[in-house]
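Please construct the entire structure, taking both the sequences and the accompanying hints into account.
Protein chains in written order, with the UniProt record's numbering: chain A, 1 to 99; chain B, 1 to 285.
Hint data in this document are derived by calculation from the structure and do not stem from the laboratory.
Backbone N, C-alpha and C define an ideal beta-carbon position, used for all residues, glycine too.
Incorrect hints may have been included.
[Said to hold, decoys possible] What follows is a set of in silico ranges between Cβ atoms, one per label pair, in the way DEER data are often shown:
#1 Q187(B) <-> V67(A): 28 to 34 Å
#2 K98(A) <-> T176(B): 16 to 22 Å
#3 K98(A) <-> Q144(B): 37 to 43 Å
#4 D56(A) <-> A163(B): 30 to 36 Å
#5 D92(A) <-> S261(B): 57 to 63 Å
#6 M97(A) <-> W106(B): 28 to 34 Å
#7 D56(A) <-> T176(B): 34 to 40 Å
#8 A169(B) <-> R84(A): 16 to 22 Å
#9 N214(B) <-> S95(A): 43 to 49 Å
#10 K98(A) <-> K153(B): 17 to 23 Å
#11 A148(B) <-> V67(A): 20 to 26 Å
[What the hints assert, rightly or not] Footprint (simulated), chain A over chain B, 3 or more residues, beta carbon under 8 Å:
#12 22-34
#13 49-58
#14 70-83
#15 110-118
#16 143-152
#17 165-175
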Amino acid sequence: MNPINYLYLAALLFTIGAAGVLIRRNAIVLFMCVELMLNACNLAFVAFSRLHGNLDGQIIAFFTMVVAAAEVVVGLAIIVTIFRTRHTASVDDASLMKL
Amino acid sequence: MSSAVLAAASATSTGEAVQFWILGTVAVVGALATVLMKRAVHSALSLAATMIILAVFYLANGAYFLGIVQVVVYTGAIMMLFLFVVMLVGVTAADSLKETLKGQRWLAAGAGLGFGILLIAGLGNASVKHFNGLGEANAGGNVQGLAALIFTKYVFAFELTGALLITAAVGAMVLTHKERTERAKTQREQAAQRVREGTQVVPLPAPGVYARHNAVDVPGLLPDGTPSELTVNPTLRKRGQIRDVSGESLAELAALERRSSEWLERGEGTERGEQVRERGEEATR
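As structure tokens, then:
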């Protein structure tokens, strides 16, 4: 097996995540799909790191993880705030800037 | 670079290939389940499974540090945060099936398919007959190699990461903190308010059917045999997890009435027994 198969898997997972973001309506599930896309990118970075034989890809994946953690913390806080004011977690209902 | 390193590998071990095909299938199934599962909790668990498999793939690719970090940070911290928010928010929030834009789901699925074909076709054009492998880069240890890069070449990005994390922590606190603008009501004031408004002055009735069930998901029965909504927790009510046993209870009661009337030799149809039996039949229907 050639390690390029890891890249195919990463492309597949990224596509599934992107389709999920477009299809689902629940903000929490939407967030999970974004996480899936980020993870797919990380897998691609790690696979590239192995293909090229240096550690830069792993460093980028590490920074992606840090940014993803920060993004999840703020995003989930926003979802909780929206749920408090509108009593819904659906992205369709959050159509106004201000209540 | 020595000539041994330059003679790069062209295939992985058979063990790794077997691992890839088995775990890769599970990862894709987990990702599909994340998108397709109706309840957010199931989505979160499927995603956690996919992430653990990705951690195994990192380890197989020589990223030992990232593999451990993936388990600790992603499946340990981020997914638990997700589950926490699902419990806080999403238990009663079902995904609406109403389409705001007509045919949007199918268009989205089609766009996803096209995008996937594009990506995979692009990869198929790449020529990677040989790969270098991380043997040389990981020679002094994977963690030491990463540290040497982070604290020299990428030190500015690393410092920015620290600023980002602090901003995110402060942002989360600002967003979820609620300022209390008035004094909290004492118990006495709350009681007085309830009496003034005339809403549910006494405590709520207890769940369970007397001497039959005492579970919290079994609603108490009103004198006419219908289940009382007030006795069951609103969350259980919204999830539709109420066990209605009014039919069984009334049927048992009717049987009891019939037996006692036979025992007392009052003839078959006492008025009371008839009433109970009719109600039981209604409730069963």
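Structure-based check of each hint:
no.	hint	result
1	Q187(B) <-> V67(A): 28 to 34 Å	47 Å, violated
2	K98(A) <-> T176(B): 16 to 22 Å	19 Å, holds
3	K98(A) <-> Q144(B): 37 to 43 Å	52 Å, violated
4	D56(A) <-> A163(B): 30 to 36 Å	22 Å, violated
5	D92(A) <-> S261(B): 57 to 63 Å	60 Å, holds
6	M97(A) <-> W106(B): 28 to 34 Å	30 Å, holds
7	D56(A) <-> T176(B): 34 to 40 Å	37 Å, holds
8	A169(B) <-> R84(A): 16 to 22 Å	20 Å, holds
9	N214(B) <-> S95(A): 43 to 49 Å	46 Å, holds
10	K98(A) <-> K153(B): 17 to 23 Å	45 Å, violated
11	A148(B) <-> V67(A): 20 to 26 Å	22 Å, holds
12	22-34	holds (count 6)
13	49-58	holds (count 5)
14	70-83	holds (count 7)
15	110-118	holds (count 5)
16	143-152	holds (count 4)
17	165-175	holds (count 7)
Checked against the numbered hints above, the structure breaks hints 1, 3, 4 and 10 and satisfies the rest.
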